[in-house]
Amino acid sequence: MGKPTIIIHLIILSVLLMLTAMPVVHALDKNPKAVGRWFKKLDNAKQKTTKLHFYFHDLATGGKNETSSVIAQATNITSQSPFLFGILRMIDDPLTVGPELSSKRVGSAQGIYGSAAMNEFGLLMNFNFVFTDGPYNGSTLSLLGRNAISNEYREMPIVGGSGVFRLARGIATAKTYFANFTVAIVEYHVIVLHY
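Counted from 1, the sequence shown has number 9 at position 9 by the working numbering; the numbering is strictly sequential.
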């Protein structure tokens with residue numbers, strides 16, 4: 001074998017090793033016919049309640065470790081507002097078992113949030129909890145609601161889901177564990193009904 005052939009074989013071997021090391025996505029068939037069959041079985045399906053607990057790490061630190069970036073802001077208002085009214089951030093925040101960023105990662109929160117209140121700290125949250133570990137691997141929960149971050153506990157609705165959490169509805173309760181100007185660690189307790 002020549003040098004280029006060896007390099008190609010090494011690249012193929014590396015790709016195969018990476019693919020086998022990736023977490024296996026939950027084996028729920030997602031093609032339209034399979035989803036239709038799943039819906040037909042709902043009349044006899046029993047509703048389940050699932051409780052989840054994890055920590056959300058929002059890192060607006062700048063640089064390579066940033067997980068939350070400003071994507072828009074109101075030109076004339078945001079810089080004058082003590083509550084940053086009109087700022088919008090895109091996130092891909094780690095979800096972990098414990099409050100330490102180094103603890104086991106169970107997924108990500110992916111989506112957007114923005115400052116939607118002019119006279120207090122109030123965020124509009126619109127994102128998915130994307131699970132990448134354990135029995136919920138490959139499944140998502142969708143959160144859409146108001147987060148009054150100055151309150152000790154905040155309650156936001158879970159409005160849907162995918163995979164294991166198809167037709168999910170429920171509540172996410174958030175409590176700030178730690179926050180400063182660049183890092184927020186938020187404890188989440190989520191209770192959802194699904195089939």
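The hints are simulated quantities; they were obtained by calculation from the structure and are not laboratory data. Here a beta-carbon is modelled for each residue, glycine too, at the ideal position from N, C-alpha and C. Don't take every hint at face value.
Said to hold, decoys possible - For lysine-lysine, the following BS3-like pairs were computed, each having C-alpha atoms within a straight-line distance of at most 25 Å:
1) Lys-30 x Lys-48
2) Lys-64 x Lys-30
3) Lys-41 x Lys-30
As the list claims (entries may be wrong) - Simulated restraints, written as ranges between beta carbons of each label pair:
4) Phe-178 x Lys-33: 44 to 50 Å
5) Lys-40 x Thr-176: 14 to 20 Å
6) Asn-31 x Phe-121: 27 to 33 Å
7) Glu-155 x Ala-179: 14 to 20 Å
For which of the previously enumerated hints does the structure constitute a violation, in increasing order of number? 2, 5, 6
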